[in-house]
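A.B. asks: One-letter residues, chain by chain:
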Amino acid sequence: MAMPSALRAWRAARVTPLGELHTPPRMTAALLRLTVQVVLVASLWRGLYAATGTTAGLDREQAVTYAVLAVLATRVRELDQYSGRDTVLQHMHFGTIVYWYLRPLPPQRYYALRALGEQIYGFAWAIVGYAVCVAAGVVQPPKSAAVAGVFMVSLLLGQWVLYYIMLAIDQLCFFTLRNGAAMLILIFAQNLLSGVYAPLWFFPDWFITLSSFLPFQATLSVPLSLHVGRIQLSDAGTQLAIQAAWVVVLALLTRLVWRRAALRVISQGG
Amino acid sequence: MSGSIEVRGLSRTFHTTVRRPGFLGAVRSLVNPERVAKHAVTDISFEVQPGELLALLGPNGAGKSTTIKMLTGILTPTAGEARVVGTVPYEERERNARNIGAVFGQRTQLWWDLPVRESFAILRDIYDVPADEHASRLREFDDLLDLSSFWDTRVRHLSLGQRVRSDLAAALLHDPPVVFLDEPTIGMDVVVKEQVREFLRYQVEERGRTVLLTTHDMTEVERLAERVVLINHGRLVLDGTLDEIRRKFGSTWQVRATLADGHAPVEPWPGVVLVRRDGPQVVFGPDGPAAPTVHQALKQVIERYEVTDIALDEAELEDVMRAAYVQAGDMAADMAGDVAGDVAAQAPARTQGG
Ligand SMILES: Nc1ncnc2c1ncn2[C@@H]1O[C@H](COP(=O)(O)OP(=O)(O)OP(=O)(O)O)[C@@H](O)[C@H]1O
Ligand SMILES: [Mg+2]
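As you go down the protein sequences, you meet chains E and G in turn.
Heads up: the first sequence begins at 1 in the UniProt record's numbering, then just goes up one per residue.
Heads up: the second sequence begins at 1 in the UniProt record's numbering, then just goes up one per residue.
Worth double-checking, as some hints may not be accurate.
Example chain G residues on the side facing chain E (calculated, C-beta under 8 Å, incomplete) [said to hold, decoys possible]:
id	residue
1	72
2	93
3	104
4	107
5	109
6	115
7	125
I should point out that these hints are in silico values taken from the structure, not numbers from a laboratory.
Backbone N, C-alpha and C fix where the C-beta goes; we use that ideal spot for every residue, glycine too.
Please build the complete structure, drawing on both the sequences and the hints.
C.D. replies: Shown next as structure tokens:
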């Protein structure tokens, strides 16, 4: 007999946004941090460009736009899951992971739904931030409607890749409980290699080559470079294809790990 | 014979790596890990009928939680079979999930940052419970567990008792016919414990749910369970009623009587010994495994002698269980005797570390 499908299970997507809405101080803090970060990053890059015209193929406006967009984009998936005791690491630690396996909603789908809710919520923040920054002249809007369209597609694919990278990091928790340090290193690598700290264009050539073999730059560097025009529209097709390829590769990989994770839980009993 | 829960020959062995002490030991463990097999549950069989509440008892480390994990589908047995409402839980986890509710002691399934009611609503969506059904069930649970006094509070701010009551409600929101409770009342005060017992009694008697409960609280067992399954060292040592356990292990009752005739001859009878005699004061105690229960003995004394006063000292269930755990430990050790040799000898290929 086929399982009656849980038609409304998608509503589990609201878990993290609801948690945020029920904690106004956290939202105020996020707003404050975002504002400070945008102001600091914008003035930092303006300062850096005080004496030069174009470096690493980016002029001042492009660099500032890139840096501010990077700050806004990190907002999309930077929710305080830790204080909500809702990270996989914590669920493994407290043993509450067993409940993920006791529901008619498979853990991988629950995880995906929750992440989706989180990303949509974060996206709402980023869009408002974007509108404010464009209005204030901090961020230059895309040069054309075509660029804007390609940017949207690339951003979507980038978030998708980011989802799988975060998932892979979380999946590590199923196999080692002491991966707090590994997690911090990976998050640093993710931020560095995706171009959050500084556009990858500023790094040495070997670094750029190395990075091109890793999925990280597909998350942010590619869409933001498209937005500011550092990657031309004519090259966009290749970049989008690479992003899509990472989505497929990481999807298959994490799917495999989910299966091993389930085995891990049902052989250890959580 | 098809109860709600059927367990046949269920066994579970864990393979762990032993960590040797000291620095050299740690290095040796890395290079040449020593693996041991731990038989957490061995060849357990029992059945629970629909609408029955069964207490699974045993000392710490007996294998109770391991058994419950296999029945909820989050642990696969190494041998034997289990069926819950006709489903093999560890093979069809999702289908099983709709049939069962589970509470694991101090682990909560609620969302820490959300008010209790929001957690309930998310579970309603996950289990696809119709809104009106959800609302009426919440009302019912509220009547018994007094949830509404705190259900708008975020879970992180709940007291332990409030949280466990919420967890109980959460586990039953989708109306599961079978409920597993692993030490649900751990750390609760007496008032909340009584409230929870009342709730469980209602769920069993009025709603016809099947409940499998583990607890170390003997008052709870006394108030709730007619039948208990006693396990020790992973083996089933007794499956019966509380009275049977009392008869078997509760050898500490005394019946104190004052005889009308202080010189009347007093003889022991099968199952009963004369512990003490001091003129008209006589004290009887149980003798051997065929001893009557204290209430039967009381009746027998009254039938045999003319008494002016009679009183009884019954062993507390707690004392009975202490005796049972000690003796059951010996029994389990005897049963394991034939296979004891292979415990350390096995060197399985797969390891499961931490
Ligand atoms: N994942 C595991 N790996 C290795 N050994 C385990 C594992 N889980 C349980 N055990 C062992 O199996 C035995 C039974 O454990 P279990 O948790 O079932 O006991 P219990 O009856 O629930 O005890 P308690 O009353 O203390 O909760 C214990 O000796 C325990 O150390
Ligand atoms: Mg236990």
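A.B. asks: Indicate, hint by hint, whether the structure satisfies it.
C.D. replies: Comparing the hints with the structure gives:
no. : hint : verdict
1   : 72   : holds, 6 Å
2   : 93   : holds, 6 Å
3   : 104  : holds, 7 Å
4   : 107  : holds, 5 Å
5   : 109  : holds, 4 Å
6   : 115  : holds, 7 Å
7   : 125  : holds, 4 Å
The structure is consistent with each of the numbered hints, conforming to all of them.
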